[in-house]
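Protein chains in written order, with the numbering used here: chain A, 24 to 134; chain B, 36 to 148.
Incorrect hints may appear among the rest.
To be verified - A few chain B residues facing chain A, derived, Cβ under 7 Å: (1) Gln77; (2) Gly78; (3) Pro79; (4) Phe81; (5) Tyr122; (6) Phe138; (7) Gly139; (8) Ala140; (9) Gly141.
Claimed, not checked - What follows is a set of in silico ranges between Cβ atoms, one per label pair, in the way DEER data are often shown: (10) B:Val90 x A:Trp45: 31 to 41 Å; (11) A:Glu91 x B:Gln51: 44 to 54 Å; (12) B:Ser116 x A:Gln103: 31 to 41 Å.
If you are wondering where the hints come from, they were derived from the structure by calculation, not from laboratory data.
No residue lacks a Cβ here, since even glycine has one placed at the ideal position from N, Cα and C.
Next come the chains, spelled out residue by residue.
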Amino acid sequence: EAEVAQSPRYKITEKSQAVAFWCDPISGHATLYWYRQILGQGPELLVQFQDESVVDDSQLPKDRFSAERLKGVDSTLKIQPAELGDSAMYLCASSIGGEQFFGPGTRLTVL
Amino acid sequence: LAKTTQPISMDSYEGQEVNITCSHNNIATNDYITWYQQFPSQGPRFIIQGYKTKVTNEVASLFIPADRKSSTLSLPRVSLSDTAVYYCLVGDHPSGGYNKLIFGAGTRLAVHP
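Here chain B stands alone, though its shape is the one from the complex:
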């Protein structure tokens, strides 16, 4: 399974756009890229998934370059409630349903007033 690397922590302010980049140099042809969000004392929550180019939903956008060796989660106009840990995962099944999800330490995003 491809290993991912992402920043340990990030700080932002309310109303700003936040971009969290994840490196996955050994991504395989069949791998999808999935992002989860985790608030303190809660389980992780699926945010977005993509295979290539750009994916957008009501919460975030995911940008994946042509070589797929990295991806960027973009959170538009963050609020204090976006303070959480964000995990980037790579696996060879959509949404990691049948595959083992390998979580790294994630990126701790702190949004300030």
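Pulled out of the complex, with its shape left as it was, chain A reads as follows:
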């Protein structure tokens, strides 16, 4: 069964450092999403791509976060500089217009 891949699974960094997360969606899925999930809360959408174009980044803190999906396939989410409050699970999901399939996530700890 096809799955959404994410790496790394865990990342520990110090505040003010840069971090990057990678997502490989299910093959053929045109829509890709990045979510942030703080412990004890539900996931919150950060950015949504349709192919290589951003269709919603209204909740993305653009002063420090950036996301790209250059060839409309895999995607990278970057944080620079990381802050203590960025500690969370970062989830990637993909869809082909229907159900969203989530990856295992990257757990970020900022010290």
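Fit chain B to the given chain A structure using the hints.
Here is chain B on its own, set in the frame of chain A:
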């Protein structure tokens, strides 16, 4: 987007039927109701979706009354592996594919031996 309200937590025992009710008083005509399940350290997983009346699949049933202001996810004969967080979401596209999924805090279900 319609806001949903569901219990913060529930407890059950193995073999029992569990019903989790979600309130969505401001649901719009075009909105569908979708439930996701999330295990610790994993991403959410789609369980079931419906628009009205009753929907059943191999995992769960979804009951939606005529006014659609609430819905109930029913898990038959739960096991320990059903311990998870269950999210109720409302959106105006089937499975929320093109729509922003607004997750609340969900319902933490604990199944005991």
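Verification of the hints:
no. : hint                            : result
1   : Gln77                           : holds (6 Å)
2   : Gly78                           : holds (3 Å)
3   : Pro79                           : holds (5 Å)
4   : Phe81                           : holds (4 Å)
5   : Tyr122                          : holds (6 Å)
6   : Phe138                          : holds (3 Å)
7   : Gly139                          : holds (5 Å)
8   : Ala140                          : holds (6 Å)
9   : Gly141                          : holds (6 Å)
10  : B:Val90 x A:Trp45: 31 to 41 Å   : holds (36 Å)
11  : A:Glu91 x B:Gln51: 44 to 54 Å   : holds (47 Å)
12  : B:Ser116 x A:Gln103: 31 to 41 Å : holds (40 Å)
Of the numbered hints stated above, none is contradicted by the structure.
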